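*Asks:* Could you slot chain U onto chain P? The hints should help.
Protein chains in written order, with the numbering used here: chain P, 1 to 113; chain U, 1 to 207.
No lab work stands behind these hints: they were computed from the structure. Incorrect hints may appear among the rest.
Stated by the list, open to error - Straight-line distance between alpha carbons at most 20 Å, and here's what the computed PhoX-like set of lysine-lysine pairs gives: (1) U:Lys95 / U:Lys76; (2) P:Lys46 / U:Lys29; (3) U:Lys28 / P:Lys46.
The structure displayed is predicted, hence computed values, not measured ones.
For reference, the chains in residue letters:
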Amino acid sequence: MFTRFEEYAATQMLGQPDSPPRSEGKLFFNEAWQRTVFGMALALSKQGHFEWEDFRRNLISSIAAWEQDACNGQARWNYYERYTLALITILEQCGVLKPGELEQQMTPGEVNK
Amino acid sequence: MAALFDHDKNREATSAAKVRALEALLIKKGVLGSDSVDAVLSHFETVAGPFNGARIVARAWVDPAYKQRLLDDTPKAIAELQFPGMTGAEGEHMKAVANSDSVHNLIICTLCSCYPWPVLGLPPYWYKDPVFRSRGVREPHAVLREFGVPIPAEKEVRVWDSSAQIRWFVIPERPANSEHLNEAQLAALVTPEAMMGVALVPSPPAA
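Bound conformation, chain P alone:
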């Protein structure tokens, strides 16, 4: 029914535990990196590096893991943090990233800048 991958991908998420934040009918991003990571996952799946449903399974697990965290140690909710974790996981699963490769790429100065 959907002729565009973008529409298929977004529609699969709607009404599900991994549905993305939105406002006034549009995707809602607080920060530029959130928009980037959302677009990266879509673009990579569209190119065929992984199945969108496999990525979504990771995202749903990543969200469930946050929900099960103990109240006193629980980090504040951030959808795109979970999304980033899910993307890194799928990229490792499909062999695009080697484990630890991203950490190597991140120079110490990049963190907490």
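*Replies:* Okay, now just chain U, sitting in the frame of chain P:
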């Protein structure tokens, strides 16, 4: 409290750095093009979204003949506006209904996930809520009151159930005191909620 906020700021910065590093790494590997992210997001930002519906409604407000064509043959009337990217399939099952003095229209979706989002944008989170779906049919006046849209009991509320065959959207009533606005300014007043019938279009501030 201050420490908590500092902590959150650090987390944002860490995530931003992580995503930046990931993007750079994937571009270096040749897995991701430098414009891939913008290309994929442009679909949501400029091709398919509520801005299309708002333009349709504004045109219907300023051009009664267009409004009639929109009600008679919605896909054909939408095609007249030549939206980029809407090349048939997305618009072909759409049907517009118009609010008036005597009728208010409400769009729900009891069965499926059909939603005309090339025109209305991504649906709000409550749209698939089973409570909204069932109460929308059973007691539309009460549901609309909760949305802040009090419809007098004597005014008819027609409830339209979107499906794979027909995807409905509402032409809301043009607000009072909007005579001085041009078509683009009128379009800016139209929200996705108004095109679902769960909101009215408010009057613009006095000129």
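*Asks:* Return the numbers of the hints above that this structure violates; sort them in rising order.
*Replies:* Nothing - there is no hint that the structure violates, so all of them hold.
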